[in-house]
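Which chain is which? The protein sequence lines are A and B, in order.
So the first sequence is numbered by the numbering used here: it starts at 1 and just counts up by one.
So the second sequence is numbered by the numbering used here: it starts at 314 and just counts up by one.
It cannot be assumed that every hint is accurate.
[Claimed, not checked] The list that follows gives simulated cross-link-like pairs (lysine-lysine, DSS-like), each with its CA atoms no further than 27 angstroms apart:
hint	chain 1	residue 1	chain 2	residue 2
1	A	Lys216	A	Lys256
2	A	Lys312	A	Lys256
3	A	Lys14	A	Lys94
4	B	Lys569	A	Lys178
5	A	Lys94	A	Lys312
6	B	Lys491	A	Lys242
7	B	Lys555	B	Lys411
8	B	Lys407	B	Lys327
9	B	Lys555	A	Lys178
10	A	Lys312	A	Lys98
11	B	Lys529	B	Lys569
12	A	Lys256	B	Lys491
[As the list claims (entries may be wrong)] Stretches of chain A that chain B covers, calculated by requiring three or more beta carbons in the stretch to come under 8 angstroms of a beta carbon on chain B:
hint	stretch
13	143 to 149
14	169 to 175
15	199 to 212
Quick caveat, the hints were computed from the structure, so don't treat them as lab data.
Beta carbons: idealized from backbone N, C-alpha and C, even for Gly.
2 protein chains.
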Amino acid sequence: MIPLYLGIDGGGTKTEVLCLSETGETVGTGLSGPTNLTSTNTGAASFSLKEAVRQALEKASPDSQVVSAVMGLAGMDTQSEYEMAFQPFAEMLKTAFKIENFHLVHDSVIALENGSNNPNAVVLISGTGSICVGRNDQGDSARSGGMDYLLTDQGSGYDIGRHVLREAIKSFDGRRPKTMLEQLVCQHFEIENLENIKMQIYHPPLSKVEVAELAKVCCEAYLANDSAARQILEWAQTEMIKLVEAVVHRLGLEHKPTDLVLSGSIIQLEFMRLPVIARLQAQFSALTPVVPDRPSMYGAAQLAKRLTLEAKR
Amino acid sequence: MIPLYLGIDGGGTKTEVLCLSETGETVGTGLSGPTNLTSTNTGAASFSLKEAVRQALEKASPDSQVVSAVMGLAGMDTQSEYEMAFQPFAEMLKTAFKIENFHLVHDSVIALENGSNNPNAVVLISGTGSICVGRNDQGDSARSGGMDYLLTDQGSGYDIGRHVLREAIKSFDGRRPKTMLEQLVCQHFEIENLENIKMQIYHPPLSKVEVAELAKVCCEAYLANDSAARQILEWAQTEMIKLVEAVVHRLGLEHKPTDLVLSGSIIQLEFMRLPVIARLQAQFSALTPVVPDRPSMYGAAQLAKRLTLEAKR
Numbered sequence: 001m002i003p004l005y006l007g008i009d010g011g012g013t014k015t016e017v018l019c020l021s022e023t024g025e026t027v028g029t030g031l032s033g034p035t036n037l038t039s040t041n042t043g044a045a046s047f048s049l050k051e052a053v054r055q056a057l058e059k060a061s062p063d064s065q066v067v068s069a070v071m072g073l074a075g076m077d078t079q080s081e082y083e084m085a086f087q088p089f090a091e092m093l094k095t096a097f098k099i100e101n102f103h104l105v106h107d108s109v110i111a112l113e114n115g116s117n118n119p120n121a122v123v124l125i126s127g128t129g130s131i132c133v134g135r136n137d138q139g140d141s142a143r144s145g146g147m148d149y150l151l152t153d154q155g156s157g158y159d160i161g162r163h164v165l166r167e168a169i170k171s172f173d174g175r176r177p178k179t180m181l182e183q184l185v186c187q188h189f190e191i192e193n194l195e196n197i198k199m200q201i202y203h204p205p206l207s208k209v210e211v212a213e214l215a216k217v218c219c220e221a222y223l224a225n226d227s228a229a230r231q232i233l234e235w236a237q238t239e240m241i242k243l244v245e246a247v248v249h250r251l252g253l254e255h256k257p258t259d260l261v262l263s264g265s266i267i268q269l270e271f272m273r274l275p276v277i278a279r280l281q282a283q284f285s286a287l288t289p290v291v292p293d294r295p296s297m298y299g300a301a302q303l304a305k306r307l308t309l310e311a312k313r
Numbered sequence: 314m315i316p317l318y319l320g321i322d323g324g325g326t327k328t329e330v331l332c333l334s335e336t337g338e339t340v341g342t343g344l345s346g347p348t349n350l351t352s353t354n355t356g357a358a359s360f361s362l363k364e365a366v367r368q369a370l371e372k373a374s375p376d377s378q379v380v381s382a383v384m385g386l387a388g389m390d391t392q393s394e395y396e397m398a399f400q401p402f403a404e405m406l407k408t409a410f411k412i413e414n415f416h417l418v419h420d421s422v423i424a425l426e427n428g429s430n431n432p433n434a435v436v437l438i439s440g441t442g443s444i445c446v447g448r449n450d451q452g453d454s455a456r457s458g459g460m461d462y463l464l465t466d467q468g469s470g471y472d473i474g475r476h477v478l479r480e481a482i483k484s485f486d487g488r489r490p491k492t493m494l495e496q497l498v499c500q501h502f503e504i505e506n507l508e509n510i511k512m513q514i515y516h517p518p519l520s521k522v523e524v525a526e527l528a529k530v531c532c533e534a535y536l537a538n539d540s541a542a543r544q545i546l547e548w549a550q551t552e553m554i555k556l557v558e559a560v561v562h563r564l565g566l567e568h569k570p571t572d573l574v575l576s577g578s579i580i581q582l583e584f585m586r587l588p589v590i591a592r593l594q595a596q597f598s599a600l601t602p603v604v605p606d607r608p609s610m611y612g613a614a615q616l617a618k619r620l621t622l623e624a625k626r
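Pulled out of the complex, with its shape left as it was, chain A reads as follows (with noise of 0.2 angstroms):
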């Protein structure tokens, strides 16, 4: 029997599966629809789960056996998320795929296992949503924010589009200096002015993903040098500094080198990254940023293999 290891994104937009042997080779991936249930139901949720995994595993040979899953899940806070989560997708993968082996954790775990192996480490995650997760030396772990958009989420990409919105629409009824996210959003929703908007917002409303989508027009604003653009990004930076220190302080990591993990799509910009990271470090000189060059999967992977070590040892 070929042993291999599944390592598994769940998002709330996408979820990316990635099939490793033994010696660390991709024997194949798989890309499906969401998997985060706050995003969908139970039901779609583990449809595009098998999907995924389906693909990942198509071109493995017939005698070969996934040992272990890892997946990561975006979302899942508490223990009743966990619980809704883990059954179901537990029971699929076992009829589906024969794996006896699952272990669900929050997406944060796999981001930061992707990026450092450092026991001092803190992954900040700014995507659709935002978190800050890290572990000190002593054993010891601390998180602040990624609590969705009603408790957090500041500094993420739904915070920014939010902010988009709701400057256009000042822009447009004179309480502040024209700025040109209101042509921007216009241009965005296909419209001529944002008179008629609301139809386009609440009819159904706009969802996570497409609120952060606006981040977009935020960037694009920026570049172009808006200042209504640049002091929304410029206290989404800021809102990201919060995130880290209060993980920093949590875990007593002033002093200690420390891997900063700097995970999702809004962190990756170059014009975010490069000030929170020259910001922080200002702070805390022993934070030694890390930028993974692979998708979060393939820490899911990792941590599928390491855990089967660590079982057998």
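Could you slot chain B onto chain A? The hints should help.
Structure of chain B alone, referenced to chain A:
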């Protein structure tokens, strides 16, 4: 036939109806659930409206007849929102109560009518949502805000409540100094700490009204001298002022005697109203604040009567 006039104030939480006689005496009042179609569906809204009107007409003499009804409806900003509400409401009122003459207007219109007869008048509403609407003696009108939670609603109960949640979490995860809001939010949701608050917030997601209710928590913390609460409320005051400034400038009312009608649960709090008035009067000395002493349904009934008299001329 004894003529009656009906005033209806329809909102996202409740619907209030007032029946007035020709001489301005109250014939009856009615109270029921929401009729705002962003909070409920057309069937439930029609049912609520019917029940509130039935209550208001219960004690009317058998030989009386409603000659005109005016309904102010919150959240009705576009032509399609108007049509979606007008058709079923007009039909129900005709079938159930033989009311032929039904006028549907934005809720700010009845709030303005309730507070001012001045041709130069501005109304600032801050309740669950926020909006400013004004008119001038040239026949122009203008508005700012009033496009619901994703696009506007700065300075509203919803926005204050959302800030309360976010500052409470920041206090919990170490992104800001401790604020009393953390403990008060726990009390509000009857939980021990904020670790597992996600269940209360997202399953199902809090409604706009439920978020706005957290403004009470903010006021409680403010009155106990909490600095986070003070920041949130001062920010809300600044945003209310921006709403009014935009309308005053667009209508050229900077130096003209103008009524400023203040309506809604948030701006009616003395510690919110007084600083907003003081800061606006420092800029626009001809502004006269008006706090209506009767609910907006009086403005609606008054308007119903005025429209009938004007039609007879």
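Do the hints match the structure? See the list:
The suggested pairing of Lys216 (chain A) with Lys256 (chain A) is violated, with an alpha-carbon distance near 36 angstroms, which exceeds 27 angstroms. A C-alpha spacing of about 32 angstroms is found between Lys312 (chain A) and Lys256 (chain A), which places the hinted pair above 27 angstroms, so the restraint is violated. Annotation: proposed proximity of Lys14 (chain A) to Lys94 (chain A) holds, straight-line Cα distance about 22 angstroms (limit 27 angstroms). For a cut-off of 27 angstroms, the pair hint linking Lys569 (chain B) to Lys178 (chain A) stands: about 26 angstroms separates their Cα positions.
Proximity of Lys94 (chain A) to Lys312 (chain A) is assessed by CA-CA distance (about 21 angstroms); at most 27 angstroms being required, the pair is judged to hold. Pair hint Lys491 (chain B) plus Lys242 (chain A) holds up; C-alpha atoms about 14 angstroms apart against a cutoff of 27 angstroms. Taking the CA atoms of Lys555 (chain B) and Lys411 (chain B), the gap is near 44 angstroms; set against the 27 angstroms cutoff, the hint is violated. A hinted pair counts as satisfied when its Cα atoms are at most 27 angstroms apart, and Lys407 (chain B) with Lys327 (chain B) qualifies at roughly 22 angstroms.
Between Lys555 (chain B) and Lys178 (chain A) the CA atoms are separated by roughly 14 angstroms; this keeps the pair inside 27 angstroms, and the hint holds. Distance hint between Lys312 (chain A) and Lys98 (chain A) is fulfilled; the C-alpha atoms sit about 20 angstroms from each other, no more than 27 angstroms. Among the hinted pairs, Lys529 (chain B) with Lys569 (chain B) is inconsistent with the structure: their alpha-carbon atoms are about 36 angstroms apart, more than 27 angstroms. With a CA separation close to 26 angstroms, the supplied pair Lys256 (chain A) and Lys491 (chain B) stays within the 27 angstroms bound.
Here the stretch 143 to 149 of chain A counts 5 residues with a CB under 8 angstroms from a CB of chain B, which clears the bar of 3, and the coverage holds. A stretch counts as covered by a chain when three or more of its residues have a beta carbon under 8 angstroms from one of that chain; for the stretch 169 to 175 of chain A and chain B the count is 5, and the coverage holds. Restraint check on the stretch 199 to 212 of chain A versus chain B: 6 residues with Cβ-Cβ distances below 8 angstroms, three needed, restraint holds.
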